[in-house]
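**Q** Residues per chain are reported as follows:
There are 2 protein chains.
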Amino acid sequence: MKNFVYDIPTKVYFGENQLTGNLSNELKKYGSKVLLVYGGGSIKKIGLYEKIIAELKNSDLKLFELSGIEPNPRHTSVNEGAKICKAEDIDVILAVGGGSVIDASKFIAAGKYYDGDTWDFFTGKADIKAALPIVNILTLAATGSEMDAGGVITNLDTKEKLGRIDSHLQPKVAFLDPTNTYTVSRYQTACGSADILSHIIETYFAREPGLFMLDTVMEGLMKTVIKYTPIALSQSNNYEARANLMWTSSWAINGFVRADKPHAWSCHPLEHELSAFYDITHGLGLAILTPRWMKYVLNEKTVDKFYQFGVNVFDIDKRESKTNVANQAIKLLEEFLYNDLGLTDNLTKLNISDEYFDTMAERIGTLNRFVDLNKNDIINIYKMCL
Amino acid sequence: MKNFVYDIPTKVYFGENQLTGNLSNELKKYGSKVLLVYGGGSIKKIGLYEKIIAELKNSDLKLFELSGIEPNPRHTSVNEGAKICKAEDIDVILAVGGGSVIDASKFIAAGKYYDGDTWDFFTGKADIKAALPIVNILTLAATGSEMDAGGVITNLDTKEKLGRIDSHLQPKVAFLDPTNTYTVSRYQTACGSADILSHIIETYFAREPGLFMLDTVMEGLMKTVIKYTPIALSQSNNYEARANLMWTSSWAINGFVRADKPHAWSCHPLEHELSAFYDITHGLGLAILTPRWMKYVLNEKTVDKFYQFGVNVFDIDKRESKTNVANQAIKLLEEFLYNDLGLTDNLTKLNISDEYFDTMAERIGTLNRFVDLNKNDIINIYKMCL
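For the protein sequence lines, the chains are A and B, in the order given.
Counting from 1 along the first sequence, just add 7 to a position and that's the residue number in my numbering.
Counting from 1 along the second sequence, just add 7 to a position and that's the residue number in my numbering.
Honestly, the hints are just simulated from the structure, not real lab data.
From a predicted model like this one, the values you see are computed outputs, not experimental measurements.
Just so you know, not all the hints are guaranteed correct.
Intra- or inter-copy, both count: the list cannot distinguish identical chains.
Computed list of lysine-lysine pairs in DSSO-like fashion (alpha-carbon distance at most 27 Å, straight line) [unchecked claim]:
id, residue 1, residue 2
1, Lys308, Lys234
2, Lys9, Lys234
3, Lys390, Lys40
4, Lys312, Lys329
5, Lys64, Lys35
6, Lys93, Lys52
7, Lys58, Lys9
8, Lys325, Lys230
9, Lys36, Lys179
10, Lys69, Lys132
11, Lys35, Lys18
12, Lys64, Lys136
13, Lys234, Lys90
14, Lys132, Lys230
15, Lys36, Lys308
16, Lys136, Lys338
Isolated chain A (complex conformation) (with noise of 0.2 Å):
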């Protein structure tokens, strides 16, 4: 069992109209220039820019814009935040939006203290030595940058899609209100719900078998995404199943699942790469993927993590053979994800061909990870997805 540090100091303000007065008091902790950051509009469209606007206006806040985040955000859109950082000498930034403004926020705040291409950070050609404090809304339960010190940017002259996770990126407060979900799309929320349940099984999934408390802890967490998915895009406005869906986002990925196990994440570098390449949303192309992934390691020695999912997740008879309950888990996952969530089952269909699949493995590399992953097996899992 490994020795890890728990810190995930942001503070939550969780439900319905929580901002009046909480916004503003957060944000005048940091100081009084706001660069509000967000994405393609939606937020007016839902009536959360009026209301951010109305409560700041009641302060002494001075707030700046910066608005279309993709949703593969991208480092020119970084680069262009932290210029107007740098320039109005802003002093915390507020991300509206789902995870990729926030992604997009982290490394704007990051930015404002460095003199170069923010692109550097992911290259490992520059440190993150400060950032802006971060104060979030979030209107897309998927990604959980709303709480985690991470995030993702692409790269699209390069075809690079990379993450980087530093304790400066970490928000200071997030506001979580279910209702702010309610006009997410049913493409959307199924595609955020891949996501969450993606986080859940890349941490469970591991090559050390870590505190069972915290498997106990993933598999609730995995029986909530199962069990609510299917009720929000049914009925788009069912608050419990909103709520239920925010929150698991949050705690799939801050990093208290994750604790004592180094070896994990199998299936995000593949996907990182897919989206790179194609700018596939990111849940879709987790949905496409950990399914195969499932097949392509199971076998004798990893049996019975399968096993364990299957009867603690799926609820399959326990007295069943490890190798029936491991096969019909995987099966009923993709029932979860082809089915129940409506999930395109394969690249085929998106037009992906595999053209580029020995470029994305050679730049993926060997991963030891719950099994050890080198260029062939990546190719192969890649090739399964067809």
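With the hints as your guide, set chain B onto chain A.
**A** Same frame as chain A, now just chain B:
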């Protein structure tokens, strides 16, 4: 579903040998004068005291000491600590021990900034406006005080045991090394686990249904306590068992699972009166009270929650009738507490009679919790414990 604020900023170093370097670095963030607070000296027997002194010697920290904190810590000890903090202008408190030491340290920390009897914090006479930062090293998995903002202090003069929660009291850093609990006696290990389990049960059985996701987490935490306590009792040095119990103790009560359930915590007020009058071990009092309280409040309206508890925690066949499952669950809980943990199963065996039941119930008043309890209900539950 209720709104809530999540705010648990305590940083935790979990595992073996995390003190070296980290302890002095963390303390130095807050100043140079450290008050080391501990109990009856068991930290010397296990070599922990020596390790701390060695670690601090290599730094510029100046050490002061307060030992002899009682198992049910008394307000007189808190006053003594506060006096030292003022006289020596202490910067940070290093609490080394179980919940008693950490609880006492919290009010010592607040006492530095209050000119009066620290008991005033519990009677409503004084607010907590500031407190010294607290770093703790946990030696007993039980109360969860290492990661929460509350504490309980006993006043033997007035026979009162009262709690107080205040965000100023939240520890800054906790060192959780499971090997520091290897020498905890069978009896204290059992009482500690009864306490942990009670914290989860108190929150699980709340009037509000709350988030399903948090119920699944609580079920996992309860299963962890039930699985690992017998192992820790038979193999005192079992790292896996001690680690699971330790991290579960923190998460049982740090506020995460409580979240959106204001009407919880039924048995603790009854136990606090018991141990205020008889100075019995808190976990033992809870072990005696909890199953009686369950039997008293189980009815047609409440049976669903007991059914959920029985199926998900004790793995009782879900096809049985709800009432059967509920009764079996209570029986299995009793077996766990009185057989597996070997705890005393009634108050009579502890030489406690009904002499003060009326007074105790009077002082508690009406409890609006999972099920409303008035004075007569409380007396009835006490009587069931004889």
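**Q** It remains to establish, for every hint, whether it holds in the given structure.
**A** Results for each hint:
For the homomeric pair Lys308 and Lys234, the shortest alpha-carbon distance between copies (24 Å) is at most 27 Å, but the shortest distance inside one copy (30 Å) is not. For the homomeric pair Lys9 and Lys234, the shortest alpha-carbon distance between copies (20 Å) is at most 27 Å, but the shortest distance inside one copy (32 Å) is not. Neither within a single protomer nor between protomers do Lys390 and Lys40 lie at most 27 Å apart by alpha-carbon distance, with minima of 50 Å and 63 Å respectively. For the identical chains of this complex, Lys312 and Lys329 are intra-copy neighbours only, at 9 Å inside a copy versus 32 Å across copies, given an alpha-carbon limit of 27 Å.
Proximity of Lys64 and Lys35 under a CA criterion of 27 Å is satisfied intra-copy only: 13 Å inside one chain copy versus 41 Å between copies. Taking identical chains as interchangeable, the C-alpha atoms of Lys93 and Lys52 are never at most 27 Å apart, the minima being 30 Å within one chain and 57 Å between chains. In this assembly of identical chains, Lys58 and Lys9 lie within 27 Å of each other by CA distance solely across copies; the values are 21 Å between and 45 Å within a copy. For a Cα distance limit of 27 Å, the shortest separation of Lys325 from Lys230 qualifies both inside one copy, at 17 Å, and across copies, at 17 Å.
In the homo-oligomer, the alpha carbons of Lys36 and Lys179 lie at most 27 Å apart both inside one protomer (10 Å) and across protomers (19 Å), since each shortest distance falls under that limit. In this homomeric assembly, Lys69 and Lys132 never come within 27 Å of each other (Cα to Cα): the closest approach is 34 Å inside a single copy and 41 Å across copies. In this assembly of identical chains, the alpha carbons of Lys35 and Lys18 lie at most 27 Å apart whether taken from the same copy (15 Å) or from different copies (24 Å). Neither within a single protomer nor between protomers do Lys64 and Lys136 lie at most 27 Å apart by alpha-carbon distance, with minima of 33 Å and 30 Å respectively.
Within a single copy, Lys234 and Lys90 get their C-alpha atoms no closer than 44 Å, and across copies no closer than 55 Å, so neither meets the 27 Å cut-off. In this assembly of identical chains, the alpha carbons of Lys132 and Lys230 never lie at most 27 Å apart, being 41 Å within a copy and 47 Å across copies at closest. For the identical chains of this complex, Lys36 and Lys308 are neighbours neither inside a copy (52 Å) nor across copies (46 Å), given an alpha-carbon limit of 27 Å. Taking CA atoms no more than 27 Å apart as the test, Lys136 paired with Lys338 passes in neither setting, with 46 Å inside one copy and 57 Å between copies.
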